[in-house]
Amino acid sequence: MSIPFEHLQWMYETMVKIRTYEERLVEAYAEGKYPVFNIGAGPVPGEMHLAAGQEPAAVGICVHLKPEDTVTAPHRPHHHAIAKGVDLRRMTAEIYGKATGLGKGKGGHMHLFDPATKFSCGGIIAAGMPHAAGAALASKMRGKDWVAVAFIGEGAANQGAFHETLNLAALWKLPLVVVIEDNRYGISVPKALSTAVERNDARAAAYGIPGYYVADNDVLEMYRVSREAVERARRGEGPSLIEIETYRYLGHFQGDPEVYRAKEEVPGLREKDPIRRLREHLLAQGVAEQDMAAWEARAKAAVDEAFAFARDSEYPAPEAALEDVFAASEV
Amino acid sequence: MATELKQRLLTGNKAMAEAIAQEMTRDPSVFVMGEDVGRYGGIFGATEGLYEKFGSERVIDTPISETAFIGAAIGAAAEGMRPIVELMFVDFFGVCMDQIYNHMAKIHYMSGGSVKLPLVLMTAVGGGYNDAAQHSQTLYATFAHLPGLKVVAPSTPYDLKGMMISAIRDDNPVLFMFHKSLQGLGWMAPIDAAVGHVPEEPYTVPIGKARIAREGRDVTIVAVQMMVHHALAAAEQLAAEGIEAEVIDLRSLVPLDRQTIVDSVRKTHRLLVVDEDYLSYGITAEVAATVAEQALYELAAPIRRLAVPDVPIPYSRPLEQFVLPNPDKIAAAVRQLMAEG
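The listed protein sequences correspond, in order, to chains U and Z.
Reminder that position 53 of the first sequence reads as 53 in the working numbering, one-by-one numbering, no gaps.
The working numbering runs 1000 ahead of the 1-based position in the second sequence.
It is possible that part of the hints are untrue.
Here are the simulated lysine-lysine pairs, BS3-like style, with alpha carbons at most 25 Å apart [what the hints assert, rightly or not]:
1) 173/U <-> 144/U
2) 1116/Z <-> 66/U
3) 144/U <-> 1116/Z
4) 1053/Z <-> 144/U
5) 1116/Z <-> 140/U
6) 1267/Z <-> 1329/Z
7) 1053/Z <-> 140/U
Source of the hints: derived by calculation from the structure; they are not laboratory data.
Please construct the entire structure, taking both the sequences and the accompanying hints into account.
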């Protein structure tokens, strides 16, 4: 399989952007929360679920998407949002709870909504799957070739919404791709203790749809299977299910004591870091170091700018809490 | 020849189906999804004739997967479609409440207003026909309690049509509760209230405006759906005794027309609230609190409430009839109220 150069470049740069973003959030989130951890303190309060290490799942499929395609994501959504092209400044402002945020400070990091890029996420496991199916249904009813991608974690594959939606989508041949990010743990519970099958792609057979498995956080393999799944959906042939074995470098949330995994696990995963592997691939392809350095600098600049924008933005007026319950309606 | 007001009589279900058909004709983004809404025409007839008229592409029978298809309605609405989705019995909310409470009701707010969800969730409510605790509830307050959903509960064929058109055109999610007994179905006890005048042309009835179903000077009875009709029957009894009851049909629970309630109490100085939902934490409490806050010193007697006495709806006829309000119980409560002041 040959991958167009611009796709490789985009995936690399976007992965770097995601990693830089999440690492920056580790620092920003820690501000004001110690010495005794206080979840509600600091400039970025509340729960924080970061996706450092899980970049391949997002970029490997979003590279195949168009602006008209829909993406839904769960509580750990930053990599998906960045890969879908959500405005990084307004997304970061939302995470800071500022009036300039995507939701004017009403959603926060788990609830990012960007109609401009057709991205949304939410804090309830698997609940975005039916929303993606609905977007896919709308596409089909309007005769478009737009597809919808629902990202979920491996723990969500045991939710009713997962099974209901796959049946519905398969039955109606909806242009939907479901991506399961298996980062090994549902919070603390390992997959083997929660899931009756070793690999969730096996569950595709239950709905008569293609199932793919991507081992070892391999972004190039993710790229390959996602292309098949997205093209199939665009052709109107129905949904697919992809599970990718991915790595969660950080805790389930920031502040997670991670008592459920061995101390050496994460260092071991980092040795197989997907960004470094893609970098080595690019070097082997003859891409110059200085070119990659320029992409990295561009990614970092975008993150810097987003955080500066968020920090410099104003908080919403407290009374704005009373607005946006209902849309003004003509009726 | 004398001019006669021409009545075009429709049952509740036909009024709803006509509203949906007219909006589907007007707006190609409107479509219907739910269990048995296609060839069957809806278990309670709300989609009667739509499948024949619009076909399976726009009148979609779903699997028994409420989370999936109600969630899909949310996703389609976010894309600019205007889905009408049916939850067959309101009692089935338990299998899909996350989609309703956490997503349908909250996405507009959490998005800072950037995502609109123009959808209608219609659902059948009510008991009185021995269907027991999992098929007889109204659950008005359960849904009215959470911010972000408009909740309507019309009681006449005229309002069923007009409020359905309003609900479809509204840019917000609207929970449209229709009462089984007011659908005029051939397999339920026929009641006069299930048939009424419905103009053929499309029209809207505003969401958020109560209706004074009967004017009176002595006591205000606030009610919804079947309880409106029971209150009207009670008012007839009371009129024979010289008591003139004013009956307010709320029609819309969210937004709630508090002004009409308070204005009426300022006139009558007595209030009875009747509800087919459970007593505690419900509509009766909300209406009573509103009057206590805004017109307490207008009251000549303490507020009275009549509702299902905090038990699940029982099956057996004498048991169910014991817990549901009816005209005799309403009339008795009013007499007591009149005796108190």
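Report task. Go through the numbered hints given earlier and state which of them the structure violates, listing their numbers in rising order. Result -> When the structure is compared with the hints, none of them turns out to be violated.
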